[in-house]
Amino acid sequence: MALEYDLLNENVKKCQYAVRGELYLRASELQKEGKKIIFTNVGNPHALGQKPLTFPRQVVALCQAPFLLDDPNVGMLFPADAIARAKHYLSLTSGGLGAYSDSRGLPGVRKEVAEFIQRRDGYPSDPELIFLTDGASKGVMQILNCVIRGEGDGILVPVPQYPLYSATISLLGGSLVPYYLDESENWGLDVNNLRQSVAQARSQGISVRAMVIINPGNPTGQCLSEANLKEILRFCYNEKLVLLGDEVYQQNIYQDERPFISSKKVLMDMGLPFSKEVQLVAFHTVSKGYWGECGQRGGYFEMTNIPPKVVEEIYKVASIALSPNVSAQIFMGLMVSPPKPGDISYDQFARESKGILESLRRRAKIMTDGFNSCKNVVCNFTEGAMYSFPQIRLPTGALQAAKQAGKVPDVFYCLKLLEATGISTVPGSGFGQKEGVFHLRTTILPAEEEMPEIMDSFKKFNDEFMTQYDNGFGYSRM
Amino acid sequence: MRRFVISQAKNLIDQTRRCRQPHHHSNLRLLSLLRSPASDSTPVYSPRLFSSSASDMSDSSSSLPVTLDSINPKVLKCEYAVRGEIVSIAQRLQDDLKTNKDAYPFDEIIYCNIGNPQSLGQQPITFFREVLALCSHTALLDESATHGLFSSDSIDRAWKILDQIPGKATGAYSHSQGIKGLRDAIAAGIEARDGFPADPNDIFMTDGASPGVHMMMQLLISSEKDGILCPIPQYPLYSASIALHGGSLVPYYLDEASGWGLEISELKKQLEDAKSKGITVRALAVINPGNPTGQVLSEENQRDVVDFCKKEGLVLLADEVYQENVYVPDKKFHSFKKVARSMGYGEKDISLVSFQSISKGYYGECGKRGGYMEVTGFTSDVREQIYKVASVNLCSNISGQILASLVMSPPKPGDDSYDSYIAEKEGILSSLATRAKTLEEALNKLEGVTCNRAEGAMYLFPCINLPQKAIAAAEAAKTAPDAFYCKRLLNATGIVVVPGSGFRQVPGTWHFRCTILPQEDKIPAIVDRLTEFHKSFMDEFRD
Numbered sequence: 001m002a003l004e005y006d007l008l009n010e011n012v013k014k015c016q017y018a019v020r021g022e023l024y025l026r027a028s029e030l031q032k033e034g035k036k037i038i039f040t041n042v043g044n045p046h047a048l049g050q051k052p053l054t055f056p057r058q059v060v061a062l063c064q065a066p067f068l069l070d071d072p073n074v075g076m077l078f079p080a081d082a083i084a085r086a087k088h089y090l091s092l093t094s095g096g097l098g099a100y101s102d103s104r105g106l107p108g109v110r111k112e113v114a115e116f117i118q119r120r121d122g123y124p125s126d127p128e129l130i131f132l133t134d135g136a137s138k139g140v141m142q143i144l145n146c147v148i149r150g151e152g153d154g155i156l157v158p159v160p161q162y163p164l165y166s167a168t169i170s171l172l173g174g175s176l177v178p179y180y181l182d183e184s185e186n187w188g189l190d191v192n193n194l195r196q197s198v199a200q201a202r203s204q205g206i207s208v209r210a211m212v213i214i215n216p217g218n219p220t221g222q223c224l225s226e227a228n229l230k231e232i233l234r235f236c237y238n239e240k241l242v243l244l245g246d247e248v249y250q251q252n253i254y255q256d257e258r259p260f261i262s263s264k265k266v267l268m269d270m271g272l273p274f275s276k277e278v279q280l281v282a283f284h285t286v287s288k289g290y291w292g293e294c295g296q297r298g299g300y301f302e303m304t305n306i307p308p309k310v311v312e313e314i315y316k317v318a319s320i321a322l323s324p325n326v327s328a329q330i331f332m333g334l335m336v337s338p339p340k341p342g343d344i345s346y347d348q349f350a351r352e353s354k355g356i357l358e359s360l361r362r363r364a365k366i367m368t369d370g371f372n373s374c375k376n377v378v379c380n381f382t383e384g385a386m387y388s389f390p391q392i393r394l395p396t397g398a399l400q401a402a403k404q405a406g407k408v409p410d411v412f413y414c415l416k417l418l419e420a421t422g423i424s425t426v427p428g429s430g431f432g433q434k435e436g437v438f439h440l441r442t443t444i445l446p447a448e449e450e451m452p453e454i455m456d457s458f459k460k461f462n463d464e465f466m467t468q469y470d471n472g473f474g475y476s477r478m
Numbered sequence: 001m002r003r004f005v006i007s008q009a010k011n012l013i014d015q016t017r018r019c020r021q022p023h024h025h026s027n028l029r030l031l032s033l034l035r036s037p038a039s040d041s042t043p044v045y046s047p048r049l050f051s052s053s054a055s056d057m058s059d060s061s062s063s064l065p066v067t068l069d070s071i072n073p074k075v076l077k078c079e080y081a082v083r084g085e086i087v088s089i090a091q092r093l094q095d096d097l098k099t100n101k102d103a104y105p106f107d108e109i110i111y112c113n114i115g116n117p118q119s120l121g122q123q124p125i126t127f128f129r130e131v132l133a134l135c136s137h138t139a140l141l142d143e144s145a146t147h148g149l150f151s152s153d154s155i156d157r158a159w160k161i162l163d164q165i166p167g168k169a170t171g172a173y174s175h176s177q178g179i180k181g182l183r184d185a186i187a188a189g190i191e192a193r194d195g196f197p198a199d200p201n202d203i204f205m206t207d208g209a210s211p212g213v214h215m216m217m218q219l220l221i222s223s224e225k226d227g228i229l230c231p232i233p234q235y236p237l238y239s240a241s242i243a244l245h246g247g248s249l250v251p252y253y254l255d256e257a258s259g260w261g262l263e264i265s266e267l268k269k270q271l272e273d274a275k276s277k278g279i280t281v282r283a284l285a286v287i288n289p290g291n292p293t294g295q296v297l298s299e300e301n302q303r304d305v306v307d308f309c310k311k312e313g314l315v316l317l318a319d320e321v322y323q324e325n326v327y328v329p330d331k332k333f334h335s336f337k338k339v340a341r342s343m344g345y346g347e348k349d350i351s352l353v354s355f356q357s358i359s360k361g362y363y364g365e366c367g368k369r370g371g372y373m374e375v376t377g378f379t380s381d382v383r384e385q386i387y388k389v390a391s392v393n394l395c396s397n398i399s400g401q402i403l404a405s406l407v408m409s410p411p412k413p414g415d416d417s418y419d420s421y422i423a424e425k426e427g428i429l430s431s432l433a434t435r436a437k438t439l440e441e442a443l444n445k446l447e448g449v450t451c452n453r454a455e456g457a458m459y460l461f462p463c464i465n466l467p468q469k470a471i472a473a474a475e476a477a478k479t480a481p482d483a484f485y486c487k488r489l490l491n492a493t494g495i496v497v498v499p500g501s502g503f504r505q506v507p508g509t510w511h512f513r514c515t516i517l518p519q520e521d522k523i524p525a526i527v528d529r530l531t532e533f534h535k536s537f538m539d540e541f542r543d
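So the sequences go chain by chain: D and Y. Start counting the first sequence at 1; every next residue gets the next number (full-length UniProt numbering). Start counting the second sequence at 1; every next residue gets the next number (full-length UniProt numbering).
It is possible that some hints are incorrect.
Listed below are the simulated DSS-like cross-link pairs for lysine-lysine, each with C-alpha atoms no more than 27 Å apart in a straight line [claimed, not checked]:
(1) 230(D) / 276(D)
(2) 225(Y) / 14(D)
(3) 35(D) / 388(Y)
(4) 98(Y) / 111(D)
(5) 180(Y) / 36(D)
(6) 180(Y) / 13(D)
(7) 168(Y) / 32(D)
A few chain Y residues facing chain D, derived, Cβ under 10 Å [said to hold, decoys possible]:
(8) 74
(9) 75
(10) 82
(11) 116
(12) 124
(13) 135
(14) 208
(15) 222
(16) 224
(17) 363
(18) 366
(19) 384
(20) 398
(21) 431
(22) 433
(23) 468
Just so you know, these hints were derived from the structure itself, not from any lab. Cβ coordinates follow ideal geometry from the N, Cα and C atoms, glycine included.
Using the sequences and the hints given, assemble the complete structure.
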């Protein structure tokens, strides 16, 4: 046999991605056997019934089949503004959806992204420093591939984190330098934790090169305050770290105390020397927000203070993959320049968007409250993003049973939950957590009508589980 | 603008390192003196100690963490000429043409550097795009007016596809290998093509074939001691991917004199050579039909390749993205899977990864990014690793997945769209064949140029016998001789081709790759301009 397991690249073997790992595979097996599964393992809104926004789908359908635009009856099926927008985006391409675009993405779309960023932040944005990618994940991989030279290079990553970061760092042979978010402070970020992590890494001979923030957080949902962002940027300036700002959930904000502020805006607000020296790469996507167009694979990153020659190298590597998919680029263009008041499709678009966001806000609350009503479960409020990350205080009996079953405790719990209720979650160990503290991640995406039943089902399972394993010897601690 | 000359980049790195190093080291020592270890208090140091000018964005600025001399050296090492220097120059010329038409002896840039058919006027297949439009905006299927604008079988197919997608949600992440129902259609298409069964669980759908190649390189390469046998000339995805993953490219030379033939003796020789250098060769990459060379392998040749891989324990990476681009009656495409199976070799005998794409063929859907790899002959623990790596990116784009299934199961006789589909397909393929022949003949007429016929794929790769004077002029301009020729060609005619050195070639020989893709009505002008340019080039440099 030419390729044996033993001969595989060790980095591949080391990398883990729990979001589609053991729990998901088990859930898929059970589904094949006929069990009804509620997949809450991945932020995949359309898979749980969220409808796509109408306007972008109309525009892209016309772009897929441009001959429709020549048909005199096209107006019977498509509103005039969708027709106009399709013509606009097709004119930006060099041969329609089927031609490779510029490897950085269509210049016309990147210009629209720059304009969006400028409107959002109040500072100019250069389209030449914006690269469109097949999903934000690809962009993250490209940038980390640039930064990581070997295992001596460390990347600061929040714990808990979205495991794209740990998986990619493993694949690239780098070192993950964890900084712990504080669950008792609503998953707040304390700069002292950062300093400790960096000092520890350096004492082990690791060169800390970059810092990842996920804002709003995944799985934790916290929205960083402006003060927090300033601290982080100052920290990066002092420690010479490039800041990777994962801002894919910027549209998903469920409280009003801390609206989304981009890292770029805060950086520019800080003025010199920070605004000209702190290196920043910020990521966005069409997969989240109220768009939820995961299957399109559309994203971008914007670079700030990255030297031109490095930008060239990143461009060079992007060119090997030829170009990001053009349909998703058009989705991105539409997302950053949506229908405006006065447009024919505006009312419908606004109604659909508002409906989704308000429902997400309600579901964030339903879930948080639902978890907090369960025995031995404590759940921080989902301030943003798409997830709930309750802490499950497992009794000693459960820890023992898990050990006997050869499973990590939260995996044990989640498997039992799955088998009892069909709810497919991701164990907290997939995201990282403090030693001895257990969580699970679920999304807030199941349909609002189904939420009460799902939470009841969870509560019933949980409370029975706790009673079953409660032998009075204590619990896993916060 | 971008520079793809490795030595120049290296010089720059060496320069900045020499300037920086003593300064850097002394400041590190100072730093460790100032900081108190393991304390929570704010470290007492000023970062300005080792920063050079704050606003200077040149790469010698060591205050920034990410600069040219501190990024991953594998990134610096890799090259991709298809969108390299020549193309950058062309884009600048194209911009300038908008305002300065009279400054140039041509009035448009013709991009013959990249296999991007729809950017040069090729039309997509109507049926495919109808299905995609309906899947993009499924509300159309509920409207009666839709029947007036779409063919009935495209509506049927859209329904069929949507029924295979959970919740009909084309905007949802799918299974990380791709939607099961679509993989079933692809497996059925493979079986219909080869006469041997295909398992949908062996299929991994990707955003184009290229990500699949990257995945395999990542799996196979642990260090520079791991080698991948690649054809020379090769499509530079392979060399770039190997460089990015830190492995070694082990070249095997195709024989230009025998129509770019693949000799097993050459494979053996290169394998032994690699072994003697301490390199473990892990896989053999074969591009069939070839890129840039266009040859279609004979079945006998393919059987020898399969036996070679089996005997030497190599994974066979079969890049078959041009499988529907065969232009000569005496050659036919046979998949390596079919060849292996017809030799009686099964899962336990040979590890084979076959790549297919929606970018080429007669469909040319480059911008959609669709493709798959069929992975056979691997143990389940290895396949789990492939799945795991695929899952980190969640899934490939759904629209591309749908298109891949359509490409592998197109309209059949009796379907409403069949006649128009066949007319479109055959129109495109026969036109490609005509253009391949016309350009090949024109190139062969040029002084000192020989060009093998394009049996398949989308390119011509003529060999130019450059006169000594031209080579000397190139050296003086610090450019590879074929790049020198290509730049001159671009500046004189607006035609963009890729120098052979981007694909590698037998040392001392010079080539360029030109696509056969400009529309037929442009071909005569291209031939004329190329011929005229070549004559004046030879007049200037003839020995």
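(request) With chain D as the partner, please determine if residue 116(Y) meets the hint condition of a C-beta pair closer than 10 Å. (result) holds, 5 Å
(request) Verify the interface restraint on residue 82(Y): the C-beta must sit less than 10 Å from at least one C-beta of chain D. (result) At about 8 Å, which falls below the 10 Å cut-off, the nearest Cβ of chain D leaves the hint on residue 82(Y) intact, so it holds.
(request) Would you check the hint for residue 180(Y) and residue 36(D), treating anything up to 27 Å between C-alpha atoms as holding? (result) holds, 18 Å
(request) Compare the distance between the alpha carbons of residue 168(Y) and residue 32(D) with 27 Å, and conclude whether the hinted pair is satisfied. (result) holds, 18 Å
(request) Have a go at the residue 208(Y) hint: is there a Cβ in chain D nearer than 10 Å to its own Cβ? (result) Constraint on residue 208(Y) satisfied, holds at 7 Å.
(request) Against chain D, run the beta carbon of residue 224(Y) and see if the smallest gap drops under 10 Å. (result) violated, 13 Å
(request) With chain D as the partner, please determine if residue 124(Y) meets the hint condition of a C-beta pair closer than 10 Å. (result) holds, 5 Å
(request) Could you check if residue 366(Y) really has its C-beta closer than 10 Å to a C-beta on chain D? (result) Because about 4 Å separates residue 366(Y) from the closest Cβ in chain D, which is inside the 10 Å limit, the hint holds.
(request) Against chain D, run the beta carbon of residue 384(Y) and see if the smallest gap drops under 10 Å. (result) holds, 9 Å
(message) Using the nearest Cβ pair, does residue 74(Y) come within less than 10 Å of chain D?
(response) holds, 8 Å
(request) Under 10 Å, Cβ to Cβ, is where residue 363(Y) needs to be relative to chain D, so tell me if that hint holds or is violated. (result) Hint holds; residue 363(Y) Cβ to chain D Cβ min 8 Å, cut 10 Å.
(request) Take the C-alpha atoms of residue 230(D) and residue 276(D), compute the straight-line distance between them, and say whether it is at most 27 Å. (result) It holds: about 15 Å lies between the C-alpha atoms, which stays within 27 Å.
Going through the hint list in order, the structure does not satisfy hints 16, 21, 22 and 23.
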